[in-house]
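Construct the complete structure from the given sequences, taking the supplied hints into account.
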Amino acid sequence: LEKDDQALFREVFNPFLSDRRSEGDAFAPPPTSYAHLQSLKRLLKEEEAVRNRRKAHFLSNKFDVEDAGPLFPQSWTSSVQAEAAFLRTGGDRLHPRPEY
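Residue numbers (the numbering used here): 6 to 105.
Among the clues, some could well be false.
Said to hold, decoys possible - DEER-style ranges, computed between Cβ atoms:
1. 78 to 6: 17 to 23 Å
2. 79 to 102: 40 to 46 Å
3. 54 to 80: 18 to 24 Å
4. 60 to 28: 28 to 34 Å
5. 58 to 27: 26 to 32 Å
By construction, these hints were calculated from the structure, which means they are not laboratory data. Built from N, CA and C at the ideal position, the CB exists for glycine as well.
What follows is the structure, given as structure tokens:
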């Protein structure tokens, strides 16, 4: 692999973000075709853009700890806030599911 591709895989398999190292000998490396590498590069750029938007929002005065917003996982929303939203949408009632 070329140095650029090696750097790409180091970023993809960042030990702080990936648990793939625990797979040991069972780990199967990803394909190294040109198309796959281009796809990985595109995905990494998209992830970097999302991280930058999250960081900017998190550090802004618009960030609300009770409602982190759509840039963050649902788990960032306060459990009290999530419970209130659940109850507002009628989530505490059973609904018929004819498809089952």
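Each hint tested on the structure:
1. 78 to 6: 17 to 23 Å: 33 Å, violated
2. 79 to 102: 40 to 46 Å: 23 Å, violated
3. 54 to 80: 18 to 24 Å: 21 Å, holds
4. 60 to 28: 28 to 34 Å: Since the Cβ atoms of residue 60 and residue 28 sit about 30 Å apart, the hinted range of 28 to 34 Å holds.
5. 58 to 27: 26 to 32 Å: 30 Å, holds
Hints 1, 2 from the earlier list are contradicted by this structure; the remaining hints agree with it.
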